[in-house]
Amino acid sequence: MIELTKTGIDGLDEILNGGIVKDSTTLVSGNPGAGKSILGLQYIYNGVDMFDEKGIYLSFEENQQDLREAAESIGFDKWPEFVERGDILIYDKKQLLGENDFSSSLDMLLEDFRDSEYERLVLDSLAMFNLFFDDERERRTYLLKFSDILKENGLTTLMTNEQGAVFPKSDIGLENYLTDGNIYLLQTPTESGVKRYVWVAKMRKQDIKTDIFPMEISWGGITVHQNASEFSMMNRGDSPIE
Amino acid sequence: MASVDLLRTLGNKYSAEILDAADEPQSAQDLSDELDIPIATCYRRIDELTEHGLLELHDSILSEDRRRIKVYRRNVESVTVDFDQSMGISVEERSEVTNKLDEAWRTLSEG
Numbered sequence: 001m002i003e004l005t006k007t008g009i010d011g012l013d014e015i016l017n018g019g020i021v022k023d024s025t026t027l028v029s030g031n032p033g034a035g036k037s038i039l040g041l042q043y044i045y046n047g048v049d050m051f052d053e054k055g056i057y058l059s060f061e062e063n064q065q066d067l068r069e070a071a072e073s074i075g076f077d078k079w080p081e082f083v084e085r086g087d088i089l090i091y092d093k094k095q096l097l098g099e100n101d102f103s104s105s106l107d108m109l110l111e112d113f114r115d116s117e118y119e120r121l122v123l124d125s126l127a128m129f130n131l132f133f134d135d136e137r138e139r140r141t142y143l144l145k146f147s148d149i150l151k152e153n154g155l156t157t158l159m160t161n162e163q164g165a166v167f168p169k170s171d172i173g174l175e176n177y178l179t180d181g182n183i184y185l186l187q188t189p190t191e192s193g194v195k196r197y198v199w200v201a202k203m204r205k206q207d208i209k210t211d212i213f214p215m216e217i218s219w220g221g222i223t224v225h226q227n228a229s230e231f232s233m234m235n236r237g238d239s240p241i242e
Numbered sequence: 001m002a003s004v005d006l007l008r009t010l011g012n013k014y015s016a017e018i019l020d021a022a023d024e025p026q027s028a029q030d031l032s033d034e035l036d037i038p039i040a041t042c043y044r045r046i047d048e049l050t051e052h053g054l055l056e057l058h059d060s061i062l063s064e065d066r067r068r069i070k071v072y073r074r075n076v077e078s079v080t081v082d083f084d085q086s087m088g089i090s091v092e093e094r095s096e097v098t099n100k101l102d103e104a105w106r107t108l109s110e111g
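Line by line, the protein sequences give chains A and B. If you're matching positions, the first sequence starts at 1 in full-length UniProt numbering and goes up one per residue. If you're matching positions, the second sequence starts at 1 in full-length UniProt numbering and goes up one per residue.
For the record, the hints were derived by calculation from the structure and aren't laboratory data. All figures in this text were calculated on a predicted structure; none of them were measured in a lab. Among the clues, some could well be false.
Here are some of the chain B residues that sit facing chain A, going by a computed Cβ distance under 8 angstroms [claimed, not checked]:
1) Arg-8
2) Thr-9
3) Val-79
4) Thr-80
5) Glu-96
6) Val-97
7) Ala-104
8) Trp-105
9) Leu-108
Just so you have them, the derived chain B footprint on chain A, three or more residues with Cβ under 8 angstroms [unchecked claim]:
10) 40-48
11) 70-80
12) 176-188
Beta carbons are placed, not taken as given, at the ideal position from N, Cα and C, and that holds for glycine.
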């Protein structure tokens, strides 16, 4: 029986056939604004709030305060409290890249990974992490090693990745093959506003629903809607959810 | 002249091959077997390369028959020779980030 880690996101766990495979690494791809960071925040927040699982949030993109404001803006109002209690451990941009360089932060990080207290991890973003490596071969090697380290330490991980157009011609990066799961967040402008979709393209060891499902971001975070057919990518306009 | 010494060391038979193979920690015996180098020569080259900081003693691991085995790893990414003014050699060391990830990963695989 495969153990699963629930995201606690309405609708998403159903698509995932129960949740993300425990100790796996999943890539969350999408354009800027598609909701990658929110998905990460919610995954970590729900972990503590709903499942009593502590999490680590690594952000090369934002500082501690940006993260708190982002969390609070969508209603994760216990975020500061969880951070205070150490249920959510944050390494922000300032810590990862600031006074000390990344290599010294890495010592602390690796130490915290070994601490079996934590079960969830978000890395925002892989693009920034990749900057520490010289070429494609090195990036690939170290992404695999890093994933192994996370896996062995019992961390179920989401990594965000700036990756644009998936359709019609997909430009699929190597990292998509190297991770256990691929989730794409898509957004498309329509007359009635931005429509958002989520597509779980791959989840090793799991029988997932690979249709594209509509989702929305509102107070309380991301909600994924199950009735895929009603909101196909072709369907312009009058969705009842927007 | 230090840089000429370093070049000479690099130019010795098998030196470059040893550095190339020592991406991951290797014992003298591993290197000798893999590259088909006589073991005495292999030890000599390892000493020379270590002296110049191109190779480093990475660890002493315990073998199956409970002996300590020294493993060596390359300490450099690249060596650049510049003939422009006076000859200069710059050695680019391996990045600490990759070093640390290697280290952590190695500890895992040892279980």
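Quiz prompt | Violated hints - listed by number, lowest first | solution = 1, 2, 3, 4, 10, 11 and 12
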